[in-house]
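Chemist: I would like the entire structure built from these sequences, with the hints used as guidance.
When we follow the working numbering, the leftmost residue of the sequence shown carries the number 1, and every step to the right adds one.
Be aware that one or more of the hints could be misleading.
[As the list claims (entries may be wrong)] Ranges of calculated distance between the beta carbons of each label pair, as one might list FRET restraints:
| id | residue 1 | residue 2 | range |
| --- | --- | --- | --- |
| 1 | 136 | 6 | 31 to 41 Å |
| 2 | 135 | 46 | 41 to 51 Å |
| 3 | 81 | 139 | 33 to 43 Å |
| 4 | 43 | 136 | 42 to 52 Å |
| 5 | 122 | 28 | 14 to 24 Å |
| 6 | 129 | 10 | 30 to 40 Å |
| 7 | 35 | 133 | 35 to 45 Å |
| 8 | 91 | 37 | 16 to 26 Å |
| 9 | 111 | 41 | 23 to 33 Å |
| 10 | 10 | 111 | 30 to 40 Å |
| 11 | 55 | 83 | 40 to 50 Å |
[To be verified] Cross-link-like lysine-lysine pairs, in silico, PhoX-like; alpha carbons within 25 Å at most:
| id | residue 1 | residue 2 |
| --- | --- | --- |
| 12 | 28 | 130 |
| 13 | 52 | 3 |
| 14 | 52 | 130 |
If you are wondering where the hints come from, they were derived from the structure by calculation, not from laboratory data.
The structure displayed is predicted, hence computed values, not measured ones.
The beta carbon of each residue, even a glycine, is placed where N, CA and C say it ideally should be.
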Amino acid sequence: DFKIDTVNDFLNTNLIIPNGSDFVSSFKDFTGSFNFNLNFNDKGQNGYLKIKQIGFKLIPLADLPMKLTEGTVSFDNSDIKIDQIRGYYGSSVKSKVRMDGIVKDYTKTAETELDIKSFTSNDLMKHLSKLSGIDIKSVKMGGITSKVICKFWIYSII
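Modeler: Quick look at the structure:
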């Protein structure tokens, strides 16, 4: 098992991934562990990260706490694939989150496409209230599906 905070420190060095610190700049307070396999050969590098349980806070969403409980992140010389990441946000396991996607050309442009599905809860509304400066409550709980596309660190939510 590897500790996630150690990998966060490593990514911030930009040693293997030239813009690794950019990948983790929206997260803080990492906890948890994962299994990791990294291969180097004359054709480049590849590997995967298998989540055991990882916790962190999302800085852009007013430090919304997240727990990831399963899933795989695999990579090769140019792309990072996010496959069946599952977990929850806030304080309740009922606030489920699912993510799948790809980060293309992560050493240069980091063009990212994520499909995120989650369940709305008042935990999310509390954090959105902090961001907006107004009190937001959820009248009806339900699912949210979003597709996040970012290229050159310009974000677009569809």
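Chemist: Holds or violated: 30 to 40 Å for the Cβ distance of residue 129 and residue 10?
Modeler: For residue 10 against residue 129, whose Cβ atoms are near 35 Å apart, the range 30 to 40 Å holds.
Chemist: Keeping to a limit of 25 Å between CA atoms, is the pair of residue 52 and residue 130 held or broken?
Modeler: violated (30 Å)
Chemist: Go ahead and decide if the range 14 to 24 Å is satisfied by the Cβ distance of residue 122 to residue 28.
Modeler: 23 Å Cβ-Cβ, so the 14 to 24 Å window holds.
Chemist: Is 33 to 43 Å respected by the C-beta to C-beta distance linking residue 81 and residue 139?
Modeler: With Cβ atoms ~37 Å apart, the hint holds.
Chemist: Measuring from beta carbon to beta carbon, are residue 10 and residue 111 in 30 to 40 Å?
Modeler: Violated, since residue 10 and residue 111 (Cβ atoms, about 23 Å apart) do not stay within the stated range.
Chemist: Does the Cβ-Cβ separation between residue 55 and residue 83 fall within 40 to 50 Å?
Modeler: violated (20 Å)
Chemist: Indicate whether the distance between the beta carbons of residue 91 and residue 37 respects the range 16 to 26 Å.
Modeler: violated (33 Å)
Chemist: Do the Cβ positions of residue 135 and residue 46 conform to the proposed distance bound of 41 to 51 Å?
Modeler: At roughly 48 Å between Cβ atoms, residue 46 and residue 135 fall inside 41 to 51 Å, so the hint holds.
Chemist: Would the pair residue 52 and residue 3 pass a check requiring their Cα atoms to be no farther apart than 25 Å?
Modeler: holds (10 Å)
Chemist: Quick check on a hinted range of 31 to 41 Å for residue 136 and residue 6, using CB atoms only.
Modeler: 37 Å Cβ-Cβ, so the 31 to 41 Å window holds.
Chemist: Given a hint of 42 to 52 Å, does the C-beta separation of residue 43 and residue 136 actually sit inside it?
Modeler: holds (50 Å)
Chemist: Return holds or violated for the Cβ distance of residue 35 and residue 133 against the range 35 to 45 Å.
Modeler: holds (42 Å)
Checked against the numbered hints given earlier, the structure breaks hints 8, 10, 11 and 14 and satisfies all the rest.
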